[in-house]
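Asker: Sequence:
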Amino acid sequence: MAMLRIRRAIQAVISTTTTSRWADELPEEIMQLILQRLCLPDYLRCGAVCRSWRAALPVKRCPPFPQLEIPWLMLRSHPFSLKDHYFLSLSDNKTHKSSSFGSNDYISRRDCVGSIEGWLIMVDSEFWRPEGFLYPWSFCLHALRDYHLKYPYTTLNFFLNPISGVRVMLPSQSTIPYMYGTRPFFFKKVVASSLPLLTTSWWSKSDDHHHCHQIINSSCLVAGLCGEGLYLAFCRPTDKSWTLIEPVLEGTRFTPLDIEIIDGKLYAANQDAAQFLIVYDLQMLHAEGHANAGPPGNKYSGPPQKLVMLHPRPVRSLSSNTTGGVAYVTEKESPRLATDPTTKELFLILHDTSFAYEKDPIIPQSLLGHNYVIPPQTKGFRVFKLEYNNNGPKWVEVEDIGGDRILFLSKASNKLISATSLSLNYGDYKKRVEGNCICFAFDNPCLASPWMGRDFGVFSLTNKNIQRFIVPNDHPRTSLFNTQTVWFTPYIE
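All residue numbers for the sequence shown refer to UniProt numbering, where the first residue is 1 and numbers rise by one.
Hint data in this document are derived by calculation from the structure and do not stem from the laboratory. All of these numbers come straight from a predicted model, not from anything done at the bench. Among these hints, one or two may not hold up.
To be verified - Distance ranges between label pairs, derived from CB positions:
1. D281 - G251: 50 to 56 Å
2. E228 - S320: 36 to 42 Å
3. S418 - M284: 27 to 33 Å
4. V248 - T330: 14 to 20 Å
5. E29 - E434: 32 to 38 Å
6. S164 - S219: 42 to 48 Å
7. W451 - Q275: 35 to 41 Å
Stated by the list, open to error - Calculated pairs, DSBU-like style, for lysine-lysine (alpha carbon to alpha carbon, straight line, at most 35 Å):
8. K299 - K385
9. K94 - K394
10. K265 - K385
11. K411 - K379
12. K359 - K265
13. K411 - K344
14. K240 - K97
15. K359 - K344
16. K299 - K394
17. K332 - K464
18. K299 - K265
19. K332 - K240
20. K359 - K464
21. K94 - K411
22. K299 - K411
23. K394 - K306
24. K379 - K97
25. K359 - K411
26. K306 - K97
27. K240 - K306
28. K265 - K464
29. K299 - K97
30. K411 - K394
31. K379 - K240
32. K299 - K379
33. K394 - K464
34. K332 - K344
35. K240 - K265
36. K411 - K385
37. K411 - K306
38. K265 - K306
39. K306 - K344
40. K379 - K332
Glycine included, C-beta positions come from ideal geometry on N, C-alpha and C.
Using the sequences plus the hints, can you model the full thing?
Answerer: What follows is the structure, encoded as structure tokens:
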């Protein structure tokens, strides 16, 4: 009791002591101009400088947002690992722990399968956490494609703003029905047509400030590429279940490798993307009630649209040879899709790599993704834009993607961004990245040399040169399991 009285007395003295706060004397308009010119890490840290800075940060009304950052690269630790996820800022070549942005625990031990602007698309499953060890037999079944046992893990899917900690829930992927004894398991990639939240603001005369209100965007379409490309699924944040799409074309199943959404249409690309694309009109399917908020188990099996490209078509390069049970691929172009959210343009990127892998590995490929002896290394890219004329669609090769535009590529997120809208005025970023270039980041499994699995760099479409960038030493690549890298543009929601 004595200590409590002393503490209260000290607090009373502090509260009655007059201390000058320079923030009270500085006009709010000037404070907002200062805050708007900070990069995101400085903006988040300025509240810890002193009481004046902390008082200058608004809490309940719309804040003066900092400058829009160049996309950060999420360096995911494998969910089996106890390590935090990291974010790499190319502007200053520094890494930031995911746990340093707030007290929420929505990101650690979770998997990330996509992004849209500042939102990550997450998968939270008991499989990755200690609860999953209650089903030890499922670790073996994880590598198998066919089994008839009930899926034992509780799985959540949601949008997450890692800076503010705001979540928007999606239907659980456990609502996707099983087909032919197989299960979709975890999503490989998820894309969204728009932001999951709509923000409205208004001016309040009572306190003379702007205020914000957010609602769920019911027009946001979300599509997922399941497992090994065996299934597609889509939903809206307001749905109670996912709708399953069987990728069947002209009576034959095809295996999508990449997906993108433009104007409510889902574009799916397989190895033959240079020849044709598969298109699903998600808005029409949703309007017909296939993805309504009814019981789980919805399935759509109608015929998609086949978008056949006119000649001349791009020809993918492939060159390989086998020596001593190891296949050496000296050149292989893999198709990837990317969109520009502003212009609604669709691009096909042929990613040229070289690598080597074991033909008959001791450890099954399904466990680690691939048994690389030499992990893939990027040799270059070719970019094609989808254009239409009176005769039909056609891939047109482009040497310039738009002057100031930058293309960001990874396995889980591809996006085109205008450099003029980003904060590029600090660090040595301008020395490495200019317009008309491709920033790529791929993480590949390699048991022989795990640290060689990272394939990060900047490819100039102007002079065809590649400039590699190295992750700082505080986040070495030494884990056994590879993880998907994800680009996202951090901002405060």
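Asker: Hint check: K306 vs K97, CA-CA at most 35 Å. Holds or violated?
Answerer: The hint is violated at about 44 Å.
Asker: Take the C-alpha atoms of K240 and K306, compute the straight-line distance between them, and say whether it is at most 35 Å.
Answerer: Holds - the C-alpha atoms of K306 and K240 are around 30 Å apart, at most 35 Å.
Asker: Take a quick look at whether K265 and K306 sit within 35 Å of each other, Cα to Cα.
Answerer: Status holds; Cα separation ~13 Å.
Asker: Holds or violated: K240 and K97, Cα atoms, limit 35 Å.
Answerer: holds, 33 Å
Asker: Within a Cα-Cα threshold of 35 Å, do K394 and K306 meet the stated pairing?
Answerer: holds, 13 Å
Asker: That 50 to 56 Å hint for D281 and G251 (C-beta), does it hold up?
Answerer: violated, 20 Å
Asker: Between K359 and K344, does the CA-CA distance stay at or below 35 Å?
Answerer: Status violated; Cα separation ~41 Å.
Asker: Does K97 sit within 35 Å of K299, going by the straight-line distance between their CA atoms?
Answerer: The given pair, whose Cα atoms are some 40 Å apart, is violated under the 35 Å limit.
Asker: Okay, S164 versus S219 on CB: inside 42 to 48 Å?
Answerer: The hinted range 42 to 48 Å is violated for S164 and S219, with Cβ atoms some 22 Å apart.
Asker: Can the restraint linking K94 and K394 be considered satisfied, given a maximum Cα separation of 35 Å?
Answerer: violated, 41 Å
Asker: Given the hinted pair K359 and K265, is their Cα-Cα distance within 35 Å?
Answerer: Violated. K359 to K265 sits at ~38 Å, over the 35 Å cutoff.
Asker: Has the given pair, K411 with K385, been kept, meaning a C-alpha gap of at most 35 Å?
Answerer: Between K411 and K385 the Cα gap is close to 20 Å, so the pair holds against 35 Å.
Going down the numbered hints, you'll see the structure goes against 1, 2, 4, 6, 9, 12, 15, 19, 26, 29, 31, 32, while the others check out.
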